[in-house]
Each structure stands twice: as C-alpha cells, then as structure tokens.
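Undergrad: Residue strings, one per chain:
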Amino acid sequence: MLAIQVLINALVLGCLYACIAIGFSLVWGVLNVINLIHGSFIVLGAYLAWGAYNALGLSPWYSLLIAAPSFFVFGYLLQRLLLNRVITAPVLVTLTLTFGLDLILNNAMIYYFKADYRKLILNPPTGSVSIFDVVVPVDRLIATASALALTFLLYLLLRRSKVGRAIVAVRLDRDAAVLMGVNVKSIYAVAFGLGAALAGCAGVLMALIFPISPLTSSAYLGKAFVVCVLGGLGSVSGALAGGLLLALVEGVGSVYLGPAHAVTLSFVLLIIFLVVRPQGLLGRKGFE
Amino acid sequence: MTRTNIALLVLIACVAALPLFGDAYAMRLGTMACMYAIFALSWNIVGGFAGYPSFATAAFFGLGAYTTGILMNKGVPLSVSLLGALVLCLVLAAALGAVLLRLRGHYFAIASLSLVEVFRELVNNATDLTGGGMGLNIPLVSGSSVLSDATFFFYAMWGLLLLTALVVIAVSASKLGFGLNCIRQNETASNMVGLNSTLHKAVAFGLSACFVGAAGGLYAAWVHYIDPSDVFDILYSVKPIVMALMGGLGSPLGVVCGAFVYLGLEEVVWRNYIQIHSGVLGVLIILLLLFLPHGLISLHASKIWRGLFGRKAKHV
Chain Y
113 MLAIQVLINA
123 LVLGCLYACI
133 AIGFSLVWGV
143 LNVINLIHGS
153 FIVLGAYLAW
163 GAYNALGLSP
173 WYSLLIAAPS
183 FFVFGYLLQR
193 LLLNRVITAP
203 VLVTLTLTFG
213 LDLILNNAMI
223 YYFKADYRKL
233 ILNPPTGSVS
243 IFDVVVPVDR
253 LIATASALAL
263 TFLLYLLLRR
273 SKVGRAIVAV
283 RLDRDAAVLM
293 GVNVKSIYAV
303 AFGLGAALAG
313 CAGVLMALIF
323 PISPLTSSAY
333 LGKAFVVCVL
343 GGLGSVSGAL
353 AGGLLLALVE
363 GVGSVYLGPA
373 HAVTLSFVLL
383 IIFLVVRPQG
393 LLGRKGFE
Chain E
5 MTRTNIALLV
15 LIACVAALPL
25 FGDAYAMRLG
35 TMACMYAIFA
45 LSWNIVGGFA
55 GYPSFATAAF
65 FGLGAYTTGI
75 LMNKGVPLSV
85 SLLGALVLCL
95 VLAAALGAVL
105 LRLRGHYFAI
115 ASLSLVEVFR
125 ELVNNATDLT
135 GGGMGLNIPL
145 VSGSSVLSDA
155 TFFFYAMWGL
165 LLLTALVVIA
175 VSASKLGFGL
185 NCIRQNETAS
195 NMVGLNSTLH
205 KAVAFGLSAC
215 FVGAAGGLYA
225 AWVHYIDPSD
235 VFDILYSVKP
245 IVMALMGGLG
255 SPLGVVCGAF
265 VYLGLEEVVW
275 RNYIQIHSGV
285 LGVLIILLLL
295 FLPHGLISLH
305 ASKIWRGLFG
315 RKAKHV
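Chain order of the listed sequences is Y and E.
Each residue of the first sequence is one higher than the last, beginning at 113 in the working numbering.
Each residue of the second sequence is one higher than the last, beginning at 5 in the working numbering.
Treat the hints with care, as some may be off.
What the hints assert, rightly or not - Computed beta-carbon distance windows for the label pairs:
id: 1; chain 1: E; residue 1: N185; chain 2: Y; residue 2: A167; range: 54 to 62 angstroms
id: 2; chain 1: E; residue 1: L167; chain 2: Y; residue 2: L268; range: 57 to 65 angstroms
id: 3; chain 1: Y; residue 1: V290; chain 2: E; residue 2: R106; range: 31 to 39 angstroms
id: 4; chain 1: Y; residue 1: K226; chain 2: E; residue 2: V265; range: 30 to 38 angstroms
id: 5; chain 1: Y; residue 1: V290; chain 2: E; residue 2: V272; range: 43 to 51 angstroms
id: 6; chain 1: E; residue 1: L15; chain 2: Y; residue 2: P390; range: 35 to 43 angstroms
id: 7; chain 1: E; residue 1: V272; chain 2: Y; residue 2: L260; range: 28 to 36 angstroms
id: 8; chain 1: E; residue 1: L203; chain 2: Y; residue 2: T200; range: 30 to 38 angstroms
id: 9; chain 1: E; residue 1: D237; chain 2: Y; residue 2: V387; range: 21 to 29 angstroms
id: 10; chain 1: Y; residue 1: I233; chain 2: E; residue 2: N190; range: 42 to 50 angstroms
id: 11; chain 1: E; residue 1: L170; chain 2: Y; residue 2: V290; range: 47 to 55 angstroms
id: 12; chain 1: E; residue 1: L239; chain 2: Y; residue 2: P390; range: 26 to 34 angstroms
id: 13; chain 1: E; residue 1: V265; chain 2: Y; residue 2: S298; range: 52 to 60 angstroms
As the list claims (entries may be wrong) - Counterexamples of contact, computed for chain Y against chain E with all Cβ distances above 12 angstroms:
id: 14; residue: G169
id: 15; residue: N295
id: 16; residue: A372
Keep in mind that the hints were calculated from the coordinates and are not lab data.
Just so it is clear, CB atoms sit at the ideal spot from N, CA and C, and this is done for glycine as well.
Throw the hints in and build the complete structure from the sequences for me.
TA: What follows is the structure, encoded as structure tokens:
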C-alpha cells in the first residue's frame, strides 16, 4: 500500500514539477538563455494568488486569469527592453544578467512581503479523498489537473497557432526562420513572455499547496534545472517526463533514505544525467 | 613577465602597507579585499583563461571552510588544516573537473551550480561531523587582542593572495595557460592538434578551487563560526564573476582591480542601504553588463583622454 501511495504522490507532484519547469525549458530552448529569474516569478505568482484571495476574496482560479496576461506583459517587456540587447552575447553575460534581475525582484519581494512564510488557506478547506488506504488531498488534485491543463494549452499553442509555429521554427533553426520572414526579436520576446506567464500560473498553483516566501525561489529554480536536464530540453513531453522522474526519485528517496537526502539525491542525479545523457530522457531537437 | 603582471604584483604589495595606518575596521576590509581578489583570480583561471562559466566557487569555499573547521576542532593546528583544505580541494576539484568540464556552455554552468547544492546538502545532513544546520564553532587561534588578531588574519589572507597571484602569473606564462587559451578559442581544433584538453581543464579546475578552499579555511578560522547557508552561499559563486566582468575578463590585473572596486561598492551599499543591498547589487550587475561589457581594463587612458578632449586619433 505504501508503494501505491508513493506512486500516486509522485504522479501528483510530478505534474506540478513539470508545470514549474516548462516555462524555464521554453526560454532555455528557444532563447538559449538560462533564466535565473524564473524562481522569483513563481514566488511572485504565489503572492499574487495569496493577495488576491486574502484582500479581494478572489479564488485562485481567477488569479490564474490575472496572472497569465500580467506576467506575459512583464516578461515581454523585460525581453524587449533588456535581454534582447545582450541575446547574442556569450552564456556568461545572459546568465549573469538574469541573475541581476533575480536579485532585484527577490529583494523587492523581501522588502514588501517580508521573509515570513505565509500560506494561502482556502476556506472552507477542500479536504481529501481516500480510496482504500491511499490518501490524496483534493487541493493537490485540483492543482495537478490545472498544471496538466496548462501544459496541454502550451502544447496546443506551439502546435496549432501561427505564433507557436514561429517559436518552434526559431528554436529549430534561427537563420532559416529569419529567411522565412519571422521577426526573431519579437518571437524571443513572446517566448520569454510565455515563460513568465507559465511561471506566474505555476506560482498560483504552488500557493495552494506550499508555503510562500521569497526565500523559496531558489528551490523552485533548482527543481526547474533538474526537470529540464532529466527530461530533455525544450519539449513539452520532456518536461512531463522529467517532472515525473524527479518526483518519483524524491518520493522513493524520502521513504528509503529520509527526506533530508531527497534534495541531494536529485542533484546527484542531475549531475549524472548531465554527464551521461545530456539530452535527457526524451531529448529531441524540436519543440513541439 | 609582462607589464600588467608587474603592475599586479605592485598593487598587491601596496595592499600590504595597510596595517601601517589602519584600525581594526580597515583590517577587516583589507582581509575581505584579499579574499575577494583570491576568488576573482581563481575564477579567472577557469572562467577567463579557459572560458568555462564556472559557478563552483562557493562549493570549494564552503568545502575548505568545513575541512579546516573540522580539522581544527580535532586539535590540528591552523597551518596544517589550511594545507589539508588546499590539498583536498585541489584533488577533488581536479577529479570532478575531469568529468564536469566535458560539458559545455549552459550545461557546465548548471552542473557547477548544482555542485554547490550537493555540497551544501551533504554538509547539512552529516550532522555528526559538521553540526549540520546548527553550524560549527571553530576554536580561537591567537586571541590576544582584537587588533593583533585582525592583523594576523589580514597578513595570512594577504600571503595567500600573493601566492595565488604568483601561481596565476606562472600559469598564464606557461604552456598550461597557452593551452587554456587555445581551449577557449576553439576546443575542437585544439583537440585536433593534439592538446590533451581534459588534462588541461582538470588541472585548471583544481588550481581554481584550491586557493578558494584555503581562503575558505582562513575565513572559518577568522570568523570562528560557520554554517552551511553562510559558506555555501551562491553569492560567493556569482561575486567573482561580477568582479571579473567589472575588471575585465581574462586579465589578472583587471580582475583584481575589479575585486577591489566591487568590495568598495559593496561596502558603501551595505552600510547605507542594508535593506535593499542585494537589489542595488542587481542594478549594478545589469548596468555593468549593458554599458561596460569589457570591464574597467577596457577603459584605456588614451580613450578617456580622447573622450574628454574630443580629439580623434589618426591611426587606430
């Protein structure tokens, strides 16, 4: 029974991890930028849900509708005004630039929200369902379903819409995309905006489950790293596979080695994957 | 020896005169300046010479600090503990480097970042040895007076800086430095002409880690108390990069100047705007990257002259 519980937990958590990582993966894949501000975007999204619920009484589902466009605009402008200037520079420059942005955003959040841990407490509570001896909290189930829905929406967008096809084209071959009349700078900004919007929505979902504090941003970022490397860069299915694998490893590791070692285990796995199989489980060139 | 290397040694020699006209606060700043310069010089071996964006500085800083702390708690004298930290970091980094430096670009950056996480979590969980999250107390070394203590650690750190600078200069003048330059410019081509790039990179990574580890050991003995979130702070990995970018990537003199300028800025911001100091650091990083991408060293005197008086050189 324990094994089934661990499996179910991994399934639920894995979808959330995929949702955390997918925006990061999109930005890394398309722009070739490691977006260190991603973790802080997630926390900001969580604060948005928390504030909207406590101050305005808005349920987190409506917060999703606010978070997506506002984060998109924020990310779009950030890329247009700042990151596009250095997009052709070496790895070190873009990485350090996003680190600087992250310092600013994180410091601003500590300044305004303080470093206290907060929690979005739904009233009335949603409770939990138990089938035989397997217990799953309902709020986790809802968050997982929403995470899956968001992931599927991104898949559809990249697959069916014109702008999505342009993003995939830029990812596959930037020069050929330019020759086909794609405005690369604007596609970069759209992709970064999408990444930010996904981070914001992931943050809203995280607020349902985890405590909120600016200090948690690096943990989210770390998860995004691991998921991207495990699953393979730049594909929706890769992020899902990576998320599920990470959640499974963490779950099994927590049971057999103790939860304190789960993080160590996940990063050791990351380094092993980087060395042995850098393209990840489902690594392919295209972003579908 | 080139002119800039002589200038570097002269600069370091000037720093040694600090105790002649400094109080304990100036000594503390001086010790920090030497520590930052060690970071920057060490990072420059991998990041500047070989062109690999390493984020592993904090990992070896923390490892050195904990090695020294644990050894000193077992009654080993400071000098031997420091040597132990140096050798451990050298060997471990060379071994890890041989594996990790096969990765390029973003992948290497992420792997070196995760190294910090792994080391921190290992130290956090090995409570019996390291005290875990409770931290580790380190016995006092001399403890005669505040100022003599400060002077002792200043000279110790300064000596380590001098050693680092000499090794870096030796590396840059040697075949190893030449090989690292080749790797930065085109690794595949340098492999083709018979350069053992794995060996070069492993040695470079080991050298860039060992002095950072010894500096971590000195830091631990200096502050008497360390805990994982302090010495494995990811900011220790990022600061050397900012210093190097500020001073001028690849130039030992540049990165040391960058370290000193950075410390000055950090101290001013920290003293005046404690609540927003990391945000100000972020703004600084962004301005630096956008407007001075090649560092202070790129500001040649002649350029400033021309900028001030508007004369254009006939031959460029």
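Undergrad: Hints broken by the structure, by number, lowest first?
TA: 7, 10, 13, 16
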